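The sequence shown begins at -3 in our numbering and counts up by one.
Any given hint might turn out to be false.
Claimed, not checked - Here are the simulated lysine to aspartate or glutamate pairs, EDC-like style, with alpha carbons at most 16 Å apart:
#	residue 1	residue 2
1	Lys92	Asp115
2	Lys1	Glu60
3	Lys97	Asp3
4	Lys29	Glu59
5	Lys97	Asp164
6	Lys94	Asp81
7	Lys52	Asp115
8	Lys1	Asp46
What the hints assert, rightly or not - Taking CB as the label site, the calculated pair distances span:
#	residue 1	residue 2	range
9	Asp206	Lys29	43 to 49 Å
10	Val198	Lys29	38 to 44 Å
11	Val193	Pro23	41 to 47 Å
12	Lys52	Ser203	34 to 40 Å
13	Tyr127	Trp44	33 to 39 Å
Quick caveat, the hints were computed from the structure, so don't treat them as lab data.
Please read all numbers here as calculations on a predicted model, not as lab measurements.
Backbone N, C-alpha and C fix where the C-beta goes; we use that ideal spot for every residue, glycine too.
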Amino acid sequence: MLSHKWDVSEPLFNELPHGVFASGLPPRFSKLKNFCEVVNCLGLGWAWCDTCCINKESSAELEEAITSMFRWYRESALTIVYFSDVSGFSREDLVKSKWFKRGWTLQELLAPRVMRFYDQTWTPCVRGPEYNHKLVPEWLDALQRATTIPVYEKLRWASSRVTQRTEDLAYCLFGIFDLSLQPQYGEGERAFGRLLVELIRVTQDTSLLDWIGKRSERCSILPVGPSGFREVALSSTVT
-3 MLSHKWDVSE PLFNELPHGV FASGLPPRFS KLKNFCEVVN CLGLGWAWCD TCCINKESSA
57 ELEEAITSMF RWYRESALTI VYFSDVSGFS REDLVKSKWF KRGWTLQELL APRVMRFYDQ
117 TWTPCVRGPE YNHKLVPEWL DALQRATTIP VYEKLRWASS RVTQRTEDLA YCLFGIFDLS
177 LQPQYGEGER AFGRLLVELI RVTQDTSLLD WIGKRSERCS ILPVGPSGFR EVALSSTVT
């Protein structure tokens, strides 16, 4: 499975009737083609990319994908992370990538058991013979901490990430918290309120009401989004 930052004109479900290696495809198909070539070189028989493997014109298929995404990445044989804006092998440089700022990529970091990271030239970011980059020492500590952080910390992690649609700030967290909520595009900021109410109900953790920032117009005890948890983290550092 591919984990990546979406570009402006990604190939969609109905644009690949003859596959990614068909002749005459425009340059915007190059990322998908390179991904498939890497998968083939690794000896895997199937490749999956969210931009073109989900029929977004089908509301039922899109809903199933949103609610199942975390499980799909968790059960994948391999997740390949592609940094389109990074060239090199320094971990300090890698964390500056916009991939670390996108909402959906948070669960794509937390869920998979086996991952490989590639820079913009499709060169592995981790040198050495280890197939699973999550087991490489210089990556291990940071990634293991990410997979075991508590609920409040996960919300802080999500607080600095952005999505194209307001609702996706909540929907991209459904799988991370294992919540059985249904996406309802058009609900706007109400989506994060639904998420937080369900989290409090399931965890009985009322500390999730400890936030700073803009209040929801529907319920004043709830924030409009995860950014309120970032503000708490920042204020706690001020002496």
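Right, here's what the structure says about each hint:
Proximity of Lys92 to Asp115 is assessed by CA-CA distance (about 12 Å); at most 16 Å being required, the pair is judged to hold. With a C-alpha separation of about 21 Å, the suggested pairing of Lys1 with Glu60 is violated against the 16 Å cut-off. For the given pair, Lys97 sits about 14 Å from Asp3 by alpha-carbon distance, which is consistent with the 16 Å threshold. Restraint check for Lys29 and Glu59: not satisfied, since their Cα atoms lie roughly 27 Å apart, outside the 16 Å limit.
Between Lys97 and Asp164, the direct Cα distance comes to roughly 13 Å. Compliance with the 16 Å bound is thereby established for this hinted pair. For the suggested pair Lys94 and Asp81, the alpha carbons sit about 7 Å apart, so the restraint of at most 16 Å is met. For the hint linking Lys52 to Asp115, the alpha-carbon distance of about 28 Å lies beyond 16 Å, and the restraint is violated. Distance check on the hinted pair: Lys1 and Asp46 sit about 11 Å apart at the alpha-carbon level, within 16 Å; holds.
Separated by about 47 Å at the C-beta atoms, Asp206 and Lys29 satisfy the suggested range of 43 to 49 Å. At roughly 42 Å, the beta-carbon separation of Val198 and Lys29 lies within the given 38 to 44 Å, and the hint holds. Between Val193 and Pro23 the Cβ separation comes to about 45 Å, which falls inside the hinted range of 41 to 47 Å. In this structure the supplied range 34 to 40 Å holds for Lys52 paired with Ser203, their Cβ-Cβ distance being about 36 Å.
Evaluation of the 33 to 39 Å hint for Tyr127 and Trp44 yields a failure: the beta carbon distance comes to about 19 Å.
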